[in-house]
Amino acid sequence: MDVITLPEEGGLAGHLASLESENRHLRVLLAQTSLQADAEIARNARLGRIIAAERSASRAEAEALDALHRRDLADGAARLADAEELNLQLRASEEFNRRILWTTTDCVKVLDLDGRLITVSANAPAVFEVEGSAALIGRPWTALWAAPESRAAVAAALEDARAGRPRRFQARLDGAGVTWWDIAVTPIDGADGRPERILAVSRDITESKQNEDRQTLLMQELAHRVKNTLALVQAISAQTLRGAGTLAAARESLEARLLALSRAHEVLLQGTWQSAALADLVATAAALHGGGEADRFAVSGPEITLCARFGLTLALMLHELGTNAAKHGALSRPGGRVAITWAVQGEAFRFRWEESGGPPVLPPARAGFGSRLIERSLAQGAAGRASLTFPPGGAVFTLEAPMASLAAAP
Amino acid sequence: MSDSPPEQPVVLLVEDDGLLLMEASDTLADAGFTVLEASHADKALKVLENRDDVGILMTDVDMPQGSMDGFALARLVAHRWPSIPVLVVSGMGSPGPNDMPDGARFIPKPYEPTTLVRTLRAFIRRAA
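Protein chains in written order, with this note's numbering: chain D, 311 to 720; chain B, 8 to 135.
Some clues are possibly wrong.
What the hints assert, rightly or not - With a straight-line cut-off of 20 Å between C-alpha atoms, the simulated SDA-like cross-links for lysine to any residue are: (1) B:K116 with D:V543; (2) D:K637 with D:P669; (3) D:K519 with D:D484; (4) D:K537 with B:P102; (5) D:K537 with B:S101; (6) B:K116 with D:Q530; (7) B:K116 with D:S547; (8) D:K519 with D:W490; (9) B:K50 with D:M713; (10) D:K537 with B:Y118.
Worth flagging that the hints you see were computed from the coordinates, not collected in a lab.
Chain B with its partners taken away, still in its complex shape (with noise of 0.2 Å):
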C-alpha cells in the first residue's frame, strides 16, 4: 500500500491473557507489523529497556501479575520514551480522567480487529 511506511513498524504488545494475545499478535502481524509480545508491565518495560525499535505500546490495563497496571505502564512510558505513542485496551469501561497520559489513546474490548489495524497506523503516520 502506498500509505504504509516503508520498514514494518515495531509494535510492544502487552497482554496478559495468553489467547487474547496469540490473537492480537496475529492480527498485527497480519496486517505488516512485527509484534514484541509481553505477559505483564514489568517485562513490558525489559523490552523497552534492551531494544530501541519499539515504535509503539498497545497494553491491557488489569494484569495482575506485574507489578503495575496497564494505566500505569502507559504513563510511565509516556514519560520515559515520549517518541512511543501509546494504545490502551480494555473490558473495563471508560478510562478515569487522570488515568491515560497526554496523547494516549483507548479502545475497549472487544474490539474489532481492522479498527486495531487503523488506530496503530494513524499512530504511525502522527509520528513519522
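So here's chain D without its partners, still in its complex pose (with noise of 0.2 Å):
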C-alpha cells in the first residue's frame, strides 16, 4: 500500500467523490445505452448479438470489479483506481453503445418527454429535408410530419412513451418524394424508473411498400382480368350451344373455341396481358387450322401490336375463319391456300383474309357464330367495317378500321 504515492486525505476524498459521481453518471448513461440498444437488438438480430456480447462483457466486468471493489473498500488507492478502472470501462461501453446506434442506416432520434428532439443520427437533415442537425434540434417531430394520420401515430407514439410503453408502427413521410418509414418508439428510464428521455428509431421500408402496393394493384388488375376472361368464356359457351344443332356438335365447337382462346391468352401472356403481336396470332390460328402444312397459309404484312381487347376478338374470328375454311373452304381440299395479309395506309388498319384452291363456295344458309361475331362485334368493337363474303373462288374477309381503336396503348 504504501507503493503507491497517495495525494493528500481531503484532496483523496475530494477525487474520489467526483471518480465516483462521474461513475454514478455513467452508469445511467450506460442503463439508457443499454435500453437504446435492447431497441436495435430486438430490430437486428446481427447488430444485436454485438451488442449484447459487448453489454454482457462490460456486465460481467463490471460486477467482477464492484465485488473487488468492496472486498477492498477500505483501501483508499485500491478504490480510487477500481473507480479510474471502472469508469474507463464504461466509458468505452458507452462510446461502443453510441458508436453503434450512429452507425445503423435506420434514422436514430433521441428526444425529451415534450416529444422535442435533443439528438439526431447524422442522416437525419437529409431524411427531413433540411441543412443540418441544428434545423432539427428543438423542434417537436410531430411537426415534421405533414400527413395528417402520420403526425396522429407519431403523437400516439410519444404519448404512450411517456406512460412507458413502447410502440412500433408505420408512417409515411412527405417531402419532396413519399417516404415509409417503420418507426420504433421506446421510452429510456431514468434512474429512477420513469420515462426521462424517448428514443425513435426509424428505418426506412418505402421500397418494399412500394413493392407491397404494386403487389396489390397487381392482384385487383389479375381478378379484373380473370372475371373478364370468365365472361368472354361465358358468352362463347352461351353463343354456341344457341347456334348448335346437336349436343355433340356444341361440344366439339365449344372445345376448339376454348382452345383458340387459350391460345391467343398465350399470345396475351406475352405482352403481359397488355397488348398481342398480330403476326403471333395470326401464326397461332394458321398453326391451329393448318394441319401441319406450313406452306397452305401465305402470311405478309407490317409489325403491328394490338390491344388485348380487339387481339383476342381477331384471334377468335380468325378460328371461325380457320375452322369454316377446314369443313368447307380452301383448307378442306389438298392444294387450297389461305392468303393472310393486312396493312396500315394513313390512320386506317386494312386486314384481309383471302381462300383459293378449295371447292366452289356457296354462302351458308344461316348466319353461324362467325358471321354473327364479324357483323355484330368485330365491326362495332373495332369501329370499323368488316365483311365475309363467299364468291366461288374462295371466302374472303376483310376489315377496316382506325388504328387507333385496335392498336395497344403505347
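Fit chain to chain and form the complex, with the hints in mind.
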C-alpha cells in the first residue's frame, strides 16, 4: 500500500467523490444506452448479437470490479484505481453503444418527454430535408410530419412512450418525394425508473411499401382480367349452345373455341396481357388450322401490336374462319390456300383473309357464330367495317378500322 | 306472362367487347326486351339524344374508346334523363362510394343471365 503515492487526505476524498459521481453518471448512461441497445436488438439480430456480447462482457467486468471494490473498501488507493478502471470500462461501453447506434442506416433520434428532438443521427437532416442537425434540434418531432395520419401516429407513440410503453408503427413522410418508415418508439428510463427521454429509431421501408402497393395493384388487375375472361368464356359457351344443332356439335365447337381462346391468351401473356403481336396471333391460328402444312398459309404484313381486347376478338374470328375453311373452304382440299395480309395506310388498318384453291363455295344458309361475330361485334368493337363474302373462288374476309381503335396503347 | 309490362321495353346496352355485347343482347332479346347497342359511352349518348323510347340503360364500366367510362355515363344519364333507370355491370370489383348515381344498380361480371333479366324486369315494374 505504500507503493502508490497517495494524494493528501482531503484531495483523495474529493477525487474519489468526483470519480464516484462520474461513475454514477456513467452507470445511468450505460443503463440508457442499454435500453437503446434493447430496441436495436429487437430490430437487428446481427447488430443485436454484437451489442449483447459487448454488454454482457462489460456487465460481468463491472460486477467483478464491483465485488473487488467492496472487498477493498478500506483501501483508498485500490478503490481509486478500481473506480478509474470501472469508469474507463463504462466510458468505452457507452462509446461503443453510441457508435453502433450512430452507424446504422436507420434514422435514430433521442427526444425529451415533450417530444422535442435532443439528438439526431447524422442521416436525419437528409431524411427530413433540412440543412443540418441544428435545424432539427429543439423542434417538436410531430411538426416534421405533414400527413395528418402520420402526425397522429407519431403523437400517439410519444404519448405511449411517456406512459412507459414502447410502440412500433409505420408512417408516411411527405417531402420532395413520399417515403415510408417503420418506427420504433421506446421510453428511456431515468435512474428513478420513470421515462426520462424517448428513443425513436426509424427504418426506411419505402421500397418494400412500393412493392406491396404494386402487388396489390397486380392482384386487382389479375382479378379483373380473370373475371373478364370468364365472362368471355360464358358468352362463347352461351353463343355456341344457341347456334348448335346437336349436343355433340356444340361440344366440338365449344372445345375448339376455348382452345383458340387459350392459345390467344398465350400470345397475350407475351405482351404482359396488355397487347398482342398481330403476326403471333395469325401464326397461332395458322398452326391450329394448317394441319401441320406450313405452306397453306401465305402471311404478310407489317409488325403491329394490337390492344388485348381487339386481339382476342380477332383471334376468335380467325378461329371461325379457319374452322369454316377446314370444313367447307380452301383447307378442306389438298392444295387449297389462305392468303392473310394486312397493311396500315395513314390511320387506317386493313386486314384481309382470302381463300383459294378450295371447292366452289356458297354462302352459308344461316349466319353462324363466325359471321355474327363479324357483323355485330368485330366491326362495332373496332369502330370499323368488316365483311365476309363468298365469291366462287373462296371466302374473303376484310376488315377496315382506324388504328387508334385497335392498336395497343404506346 | 301476366306480370310483364304490355309493350316491349327498350334497353340501351353499352359494352365495348363485341362478344359480350352480342351475348347480352341475345339474352335480353330472348327475354322480350328490345335492345339497342352501343360500343362506348359517346355512341350511347347519341342514341339517347335521338330517341325518346329508351326505357333502361345497361352499361359496362371500362370502355377505353369513349370519352368517359360507364360510371360517368351512368351519372350523366341519371342527371339528364332521370326517368331512365341505370344498371352498371363490371368485372372491376365493387363500385366506389361516388361512382354510382342514386338509384342505380350494380351487377358484377360474370353474371347469371337470369339475374340480369330479373333485375331489368324489376326496374321496369318500379318505373311503371
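Do the hints match the structure? See the list:
no. : hint               : verdict
1   : B:K116 with D:V543 : holds, 12 Å
2   : D:K637 with D:P669 : holds, 11 Å
3   : D:K519 with D:D484 : holds, 14 Å
4   : D:K537 with B:P102 : holds, 15 Å
5   : D:K537 with B:S101 : holds, 13 Å
6   : B:K116 with D:Q530 : holds, 14 Å
7   : B:K116 with D:S547 : holds, 15 Å
8   : D:K519 with D:W490 : holds, 7 Å
9   : B:K50 with D:M713  : holds, 19 Å
10  : D:K537 with B:Y118 : holds, 10 Å
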